[in-house]
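Asker: Sequence:
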Amino acid sequence: MIAQQIINAVSLGGVYALLALGLAIVFSIVGLINFAHGELMTLSGYALLASLVLGFPFPVAVLVAVSCGALAAVAMERIAFRPMRGASVTSLLLTSFAVSSLLKVVFQNGISARPQAVAMPGWMTGAFSFGDFTIGVGPSISIVVSALALIALEIFLRRSVTGTAMRAAAEDFDVVRLMGIPASRIIATAFLLSGLLAGLAAMLWVAQRASVDPLMGFTPVLKAFIAAVVGGLGSLPGAVAGGFLLGIIEVLLQATLPGAIAPYRDAIVLSGVIAVLLVRPQGLIPAVRAQRS
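Note that the UniProt record's numbering has the sequence shown beginning at 1, numbered continuously upward.
Careful, some of the hints might be misleading.
Here are the simulated distance ranges between beta carbons [to be verified]:
(1) Pro57 to Ala168: 37 to 45 Å
(2) Thr164 to Val60: 29 to 37 Å
(3) Ile261 to Asp174: 47 to 55 Å
(4) Leu278 to Gly55: 47 to 55 Å
(5) Gln254 to Met179: 43 to 51 Å
It is worth saying that the hints were derived from the structure and are not from the lab. The C-beta atom is built at its ideal place from N, Cα and C for all residues, glycine as well.
Make a model of the complete structure from these sequences and hints.
Answerer: Put into structure tokens, the structure is as follows:
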């Protein structure tokens, strides 16, 4: 029982970490909290559903869905946010809310306001045993995929020229532009990575719930935003740490709280977030820019 709860906690934390990292990548470079990030997740879920309905093999459907999330993020940056470049933070924030609301309406009226069942492969609902422990296949895959995605992103940011430019831009974007590195390319790459992470998180989320609806991305992205703030807004390691911490706390509270207190789980979690921020206002792992200020 304890092992299963730990697996569930790390699995949920991995989804939050992927989403929080997507938010942090964009914020560290553009200074924008993209609240339309949840709709990228929802779009990927619908792309998976459409691919399966069209008869695509499951691995191909997953690839199509994740690609749709990444390409939609690039399109979102080009159409909605690039014309607003140089605008105030408030204007950018309102733009992200407008894009989010528009996409919700499109999903609700163009597809359906009701949840749509997604036919996941039977092997994803199974489980395997280690001695006395029984571990679900779905949560195990979620942990592995999250870990591989985070490792691959770390390698990209550390070893590639574009990744190095993105890390430099996260510390001082103005200096990077003065060095002749195209700002549009760096920002577009940041949105591409955020959409890719949102697509991966959507696959893990749908795998656990086997359905998709227009509001699917709202709650997990809200939790991911909280995780990013706790970890240190704009800090990539902080976003990962905050995501896993929030997932672990949620699952442990769900498993240990008495029945009468269980409905107040989210309130307890948010109280813990406030306590952390009172002690460390800049988050657990502050961004380099925050440390300099």
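Asker: Each hint should be assessed against the structure and marked as holding or not.
Answerer: Hint check:
1. Pro57 to Ala168: 37 to 45 Å: Taking Cβ atoms as reference, Pro57 and Ala168 lie about 40 Å apart, which means the hint holds.
2. Thr164 to Val60: 29 to 37 Å: holds, 33 Å
3. Ile261 to Asp174: 47 to 55 Å: holds, 49 Å
4. Leu278 to Gly55: 47 to 55 Å: holds, 54 Å
5. Gln254 to Met179: 43 to 51 Å: holds, 49 Å
When held up to the earlier numbered hints, the structure conflicts with none and fits them all.
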